[in-house]
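Asker: Chain by chain, the residues run as shown.
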Amino acid sequence: MKANVPTRKKIKLNWFKSKCNLNIEREIKIQYTAINVSYNKISWDVIIRYILVKQGGMKEIPVNSPMTLYKDNLPFLFLSTAGTIGNKIISEDLIDDDIKVDDDVVNINEGIEKVTYEDARDPKEHIEVRTRLDNVTRKITIENKLNDDINLLFDFKQTKDIVFVSSEPEPSEIEEPNYKYQINIPSEQKNSIILEIKAKITTRVTKIKPEFLKKGKQ
Amino acid sequence: MIIDPKVTRLDIFNNGGAIIQREIKLILHQGINDFQIQNIPASFDPNSAEIKLEYLKPEDKQLITLQQTITSLPDRKNVDQEITREKSAANNIISYSIDFTREMREKISDICESSSYRAYADMMGTFDFIIRSKILSGIIVKILYFINDTRIKWSTSLIVKVSDSKKTAEIDGFIIVDNQTGFSYNNVDLGFAIFKLPESTPYSIGVSFSDVNLPEQIQTQFEQNDNFYEDQNIMNKMKRTQRYKQIK
Chain P
1 MKANVPTRKK IKLNWFKSKC NLNIEREIKI QYTAINVSYN KISWDVIIRY ILVKQGGMKE
61 IPVNSPMTLY KDNLPFLFLS TAGTIGNKII SEDLIDDDIK VDDDVVNINE GIEKVTYEDA
121 RDPKEHIEVR TRLDNVTRKI TIENKLNDDI NLLFDFKQTK DIVFVSSEPE PSEIEEPNYK
181 YQINIPSEQK NSIILEIKAK ITTRVTKIKP EFLKKGKQ
Chain Y
1 MIIDPKVTRL DIFNNGGAII QREIKLILHQ GINDFQIQNI PASFDPNSAE IKLEYLKPED
61 KQLITLQQTI TSLPDRKNVD QEITREKSAA NNIISYSIDF TREMREKISD ICESSSYRAY
121 ADMMGTFDFI IRSKILSGII VKILYFINDT RIKWSTSLIV KVSDSKKTAE IDGFIIVDNQ
181 TGFSYNNVDL GFAIFKLPES TPYSIGVSFS DVNLPEQIQT QFEQNDNFYE DQNIMNKMKR
241 TQRYKQIK
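Chains P and Y, in that order, give the protein sequences. In terms of the numbering used here, the first sequence has 47 at position 47, counting the first letter as 1, and numbering is strictly consecutive. In terms of the numbering used here, the second sequence has 15 at position 15, counting the first letter as 1, and numbering is strictly consecutive.
Hints were generated in silico from the structure; no laboratory data involved. Quantities reported herein were computed from a predicted structural model and do not represent experimental measurements. Think of the CB as a built atom: it goes at the ideal place given N, C-alpha and C, for glycine as much as any other residue. Certain hints may be false.
To be verified - Each computed BS3-like pair below joins lysine-lysine, with the alpha-carbon atoms no more than 25 Å apart:
| hint | chain 1 | residue 1 | chain 2 | residue 2 |
| --- | --- | --- | --- | --- |
| 1 | P | 2 | Y | 25 |
| 2 | P | 12 | Y | 161 |
| 3 | P | 9 | Y | 87 |
| 4 | P | 124 | P | 214 |
Said to hold, decoys possible - Covered stretches of chain P (in silico footprint by chain Y; criterion: 3 or more residues with CB under 8 Å from a CB of chain Y, positions within the stretch not fixed):
| hint | stretch |
| --- | --- |
| 5 | 5-13 |
| 6 | 16-22 |
| 7 | 57-67 |
Pulled out of the complex, with its shape left as it was, chain P reads as follows:
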């Protein structure tokens, strides 16, 4: 394309015009730690991304290019591109404020503590390691505040300390360490998942070895 590029000016050129299919992907990613697994309440964010599947040839669009979504000739969302794969233009990830996720603890069954000792830096001290396996039940409630039905992917990822035991409903797909659930929520409705997980809780305390403890005055 031919154009004039004057000094200290910006020019705007028409590049392409195309029809596309619009897909909206929503996802909740949940991963606990040994600390937050026993919290009474945790809030998670729902991640939303827009995927435009362009008709015709592919276009390479640089990352972070601004994208404005219009509905009824009015702009309703300003976002950026995260990249292009083939003829797919993928938006950046955003937090969907219209979907509320509450994660509440239902029950904690504390396991039996096992005490072991590790060497400390000071030879007169040792580290007391208390380890127990707790069974934790949590209920995750997802509320759709939109006027439309939504489909979302709930993705629980187990870690070395937090292991999946069971859930209600069963996961739609298991790809260790991820347990995935395809959830459909009608407009202004709620849906829940009950997760039962095993948490390895470890506490470490440095103590003076008993043989070095001073005897109290008699």
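Position chain Y relative to chain P; hints supplied.
Answerer: Quick look at chain Y alone, frame taken from chain P:
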């Protein structure tokens, strides 16, 4: 001889910089022909400067040869001093411009504004070449060089009109070219590429030296972060592959 070949093509990078192609038809005399190209910005990369000869007659190939190219950049220290002096003079002129008439004030404002924007990259570099010819003849000379100036770049803007069904949409794609350099390019073929010029060349404008003491930083991250190896940012200091993508 001083020549000013026309800019025929400009391939702009999205992260700043461009490849410039210029072209001119020249008459060569028998013997040594010395040419000096005008309007070469100081942001040009002397290592990338290239001259291509296009012969008008096939037999000229044996008779006309490019002997050498000569490139140089202005001294940065002197240029910076000169720019500082100009800016100071421009500020003084503006301070006393109350007595000027309106027309004169606008002209002076333009001069002062261009002076305040001026940077090292707006100064002139040297790009000369010598052609040795055994005959009197004509030749087309194509000149190609990179400019390492982040003040010329392009970006895109997408307007997505969502249909009532929310299943389809219409996209309008625009390219926005931002040229904040002191050079204009008229009626040129524009090309666009997704590319970032290396920052470590001595000709780079605005090189960032913010990431220092890396070993200490890595050590702190390791101590504080259990997911150290998942953190991609810490590895950003290593060079990444970068492939030039031409936009159609």
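Asker: Against this structure, judge whether each hint is valid.
Answerer: Consistency of the hints with the structure:
Of the supplied pair hints, the one linking residue 2 of chain P and residue 25 of chain Y holds, its CA atoms being roughly 21 Å apart against a limit of 25 Å. Between residue 12 of chain P and residue 161 of chain Y, the direct Cα distance comes to roughly 19 Å. Compliance with the 25 Å bound is thereby established for this hinted pair. Restraint check for residue 9 of chain P and residue 87 of chain Y: the C-alpha separation of about 21 Å stays at or below 25 Å, so the hint holds. In summary, the hint linking residue 124 of chain P to residue 214 of chain P is supported, as the alpha carbons are separated by about 12 Å, within the 25 Å threshold.
Counting residues of the stretch 5-13 of chain P whose beta-carbon sits less than 8 Å from any beta-carbon of chain Y gives 9, enough to reach three: the coverage restraint holds. With 7 residues bearing a CB less than 8 Å from a CB of chain Y, the stretch 16-22 of chain P meets the requirement of three and the coverage assertion stands. Check result for the stretch 57-67 of chain P against chain Y: holds, 8 residues qualifying (beta carbon to beta carbon below 8 Å, three or more required).
Hint violations for this structure: none, all hints satisfied.
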